[in-house]
Amino acid sequence: MSTMTRARKPAAPSEVKKPRSGIFLTLLAWFIGLAFVLPVVWMVLTSFHSEEDAASNPPAIVAPLSLDGFKSFFDSNPWPPLLNSMTASVVSTILVLILALPAAYALSIKPVEKWSDVMFFFLSTKFLPIVAGVLPIYLIAQNLHMLDNIGFLIILYTGMNLPIAVWMLRSFLAEVPVEMLEAAQVDGASVTRTLREIVAPVIMPGIAAAALICFIFSWNELLLARVLTSTTAQTAPVFLTGFVTSQGLFLAKVCAASLVVSLPVLAAGFAAQDKLVQGLSMGAVR
Amino acid sequence: MTAATQEERTDTAPSTPSPALSKAGRWARRAPLLPALIFLIVVTQLPFIGTLIVSFMDWNAYYPNDRGFAGFGNFVTVLTDVNARKAIFVTVVLTTTVVLTSLLLGLGIALLLDRKFRGRGVVRTLMITPFLVVPVAAALLWKHALYNPEYGLFNGMLTMIFGDNAPQPDWITNNPLIAIGAAIVWQWTPFMMLILLAGLQSRPLDVVEAARIDGASPWQIFTHMTLPHLRPYLELSGLLGAIYVVQNFDHVFTITSGGLGTANLPYYIYQTFYTALDYGRASAAGVVVVLGTIIIATFALRTVLSLFQEESR
Chain A
4 MSTMTRARKP AAPSEVKKPR SGIFLTLLAW FIGLAFVLPV VWMVLTSFHS EEDAASNPPA
64 IVAPLSLDGF KSFFDSNPWP PLLNSMTASV VSTILVLILA LPAAYALSIK PVEKWSDVMF
124 FFLSTKFLPI VAGVLPIYLI AQNLHMLDNI GFLIILYTGM NLPIAVWMLR SFLAEVPVEM
184 LEAAQVDGAS VTRTLREIVA PVIMPGIAAA ALICFIFSWN ELLLARVLTS TTAQTAPVFL
244 TGFVTSQGLF LAKVCAASLV VSLPVLAAGF AAQDKLVQGL SMGAVR
Chain B
2 MTAATQEERT DTAPSTPSPA LSKAGRWARR APLLPALIFL IVVTQLPFIG TLIVSFMDWN
62 AYYPNDRGFA GFGNFVTVLT DVNARKAIFV TVVLTTTVVL TSLLLGLGIA LLLDRKFRGR
122 GVVRTLMITP FLVVPVAAAL LWKHALYNPE YGLFNGMLTM IFGDNAPQPD WITNNPLIAI
182 GAAIVWQWTP FMMLILLAGL QSRPLDVVEA ARIDGASPWQ IFTHMTLPHL RPYLELSGLL
242 GAIYVVQNFD HVFTITSGGL GTANLPYYIY QTFYTALDYG RASAAGVVVV LGTIIIATFA
302 LRTVLSLFQE ESR
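From first to last, the protein sequence lines are chains A and B.
Per this note's numbering, residue 4 is the first one in the first sequence, and the count goes up by one each step.
Per this note's numbering, residue 2 is the first one in the second sequence, and the count goes up by one each step.
What the hints contain is simulated information worked out from the structure, not anything from laboratory work.
Watch out, some of these pointers could steer you wrong.
Far from chain B by the CB rule (all over 10 Å, computed), these chain A residues [stated by the list, open to error]:
1) P62
2) W82
3) M89
4) V94
5) I97
6) P114
7) E116
8) K129
9) G136
10) D151
11) S193
12) T195
13) L226
14) T235
15) S265
16) Q276
Part of the chain A face toward chain B, derived, beta carbon under 7 Å [what the hints assert, rightly or not]:
17) A106
18) V115
19) V134
20) G245
21) F246
22) V247
23) C258
Every residue gets a Cβ at the ideal spot worked out from N, C-alpha and C, and that includes glycine.
Sequences are here, hints too, so could you generate the full structure?
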């Protein structure tokens, strides 16, 4: 029956059918979205409560706001680790882009022979778990007197993120229309001009996406930082592990700390959401 | 094969590689690639060769004089040591359940978000949030603010709903692996969802519309058109997820510190090397992890190969 109606008036059924199951599916989507964000909302809420309200059962949802959690977090001198993380993430991201852009160019616009083998090699380095190299890395750092040195961490983070960036940038570069490059060549445009006026506009979102993802992965990294740094080069995630055993009355402080350390990634991720989505899907599937 | 087709597609030069690919030209093409390639080999491949060498050595930093060749001794220890075997088991169980769960959840949510509805952008933003929380911070949040038996949110909600006599389970102690797994699923589902959503939105809609007009049911459209189209996206998000979850250290370290039978291989290696200072045994365990990931990677590379073929159609 409905098939018949559909065959005759293709637009109508979807309009008729949508309201009932549609409202249910919309509500379900909203419910799941809220359920996934609930722990983060709870973290934010708790971080703005006093320690007594934070540790109450049943939970105090409406409680007077308090900055005690943040105060005691910032009293514990978190600035050096936060600055170390910022340095490591920003500098390694810049290094990644400097190395990855020419490589991606060589792999897409003027592809070298066997370029896909090279791509496989880049990707395969991601299959090598960091933990399987951590001991020699530690021994090398020890012998070079580079333990607790943020520069050493930057080099490792650059190596860690380089394959992802090459992979993502290549997929964006492959989007550059060949006809436009040929036309530019025929018109006698210089290489720099071609790069600036034809290639750059296409891959700018790709560069932003790759940079964002490299920044996030460097900022989040724990294992290498934990093994290789102690006091002067300690990063924010290592600083956070100091809260692992903290119990009871410091819940607001733990939540404030977690929030502050996550804030740069949250802010960058929200601001560049579309690029993140585009970058992840392009990098992963193209 | 694929490489040749691809080269033709993107290369600006004519496909016959006579004058353009002269020796000098070839090196000019390779040059931009070399810094990245050399850097990557030095930073990521050489350490692993180091691990491979140390894995065949007796080397415990507590006994510096006993250093020497051990043959397969460390591997025998790793494969017979109860804790190491448990760690291998935990790694396999944790990785498969977490990846499958977050893949299924991610698929369901991606399908929900593929429809147009009021506030779709907002819901997507809400969904992405867990992915953007620093893993250690997320693990701390779950451990202290959600799971804690006395003042965690979960038991707090139970008290809110069932009153003072509500059950107050100790989530981590009762089911330590599930507690860790749930926290990882929460972080990785958004990643799966994002990739699958991108896959759904790249689906040619006119074909789906035509099928609907021809009388295909939503289930038929899903199994015969949506799933086949999503296959590469499903495979790749699953494999990328697996590669990251196999290496999970942050959640195990933060939530249980490897206690209660939750030590996975990365944590076991960390402990063997960092606390027990048994470099040889830690390296052998590292080699075991790599062998495991190579098995996953073999499937992954095959998938990627099929993607390349699709791209060059």
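Chain B contact restraint on A:G245 - CB to CB distance below 7 Å: Result: violated, 10 Å to nearest chain B Cβ.
Interface hint outcome for A:V134 [beta carbon to chain B under 7 Å]: 4 Å, holds
Separation of A:V94 from chain B, once the least beta-carbon distance is taken, above 10 Å: For A:V94, whose nearest Cβ neighbour in chain B is about 15 Å away, the distance exceeds 10 Å, so it holds.
Interface hint compliance - A:V247 to chain B, C-beta minimum distance less than 7 Å: 6 Å, holds
Minimum Cβ-Cβ distance from A:G136 to chain B exceeds 10 Å: 3 Å, violated
Separation of A:Q276 from chain B, once the least beta-carbon distance is taken, above 10 Å: Label violated. Min Cβ-Cβ 6 Å, cutoff 10 Å.
Assertion that A:E116 lies farther than 10 Å from chain B (Cβ): 8 Å, violated
Verdict on A:S193 as a residue remote from chain B, using beta-carbon distances over 10 Å: 15 Å, holds
Interface hint compliance - A:C258 to chain B, C-beta minimum distance less than 7 Å: 6 Å, holds
Least C-beta distance between A:K129 and chain B, which was stated to exceed 10 Å: Incorrect as stated: the minimum Cβ-Cβ distance to chain B is 7 Å, not above 10 Å.
Interface-negative label, A:P62 against chain B, beta-carbon threshold 10 Å: It is violated; A:P62 is separated from chain B by about 4 Å at its closest Cβ, not greater than 10 Å.
Given as non-interface: A:D151, which should sit over 10 Å from chain B by C-beta: For A:D151, whose nearest Cβ neighbour in chain B is about 15 Å away, the distance exceeds 10 Å, so it holds.
Violated hints, in rising order: 1, 6, 7, 8, 9, 13, 15, 16 and 20; the structure is consistent with all others.
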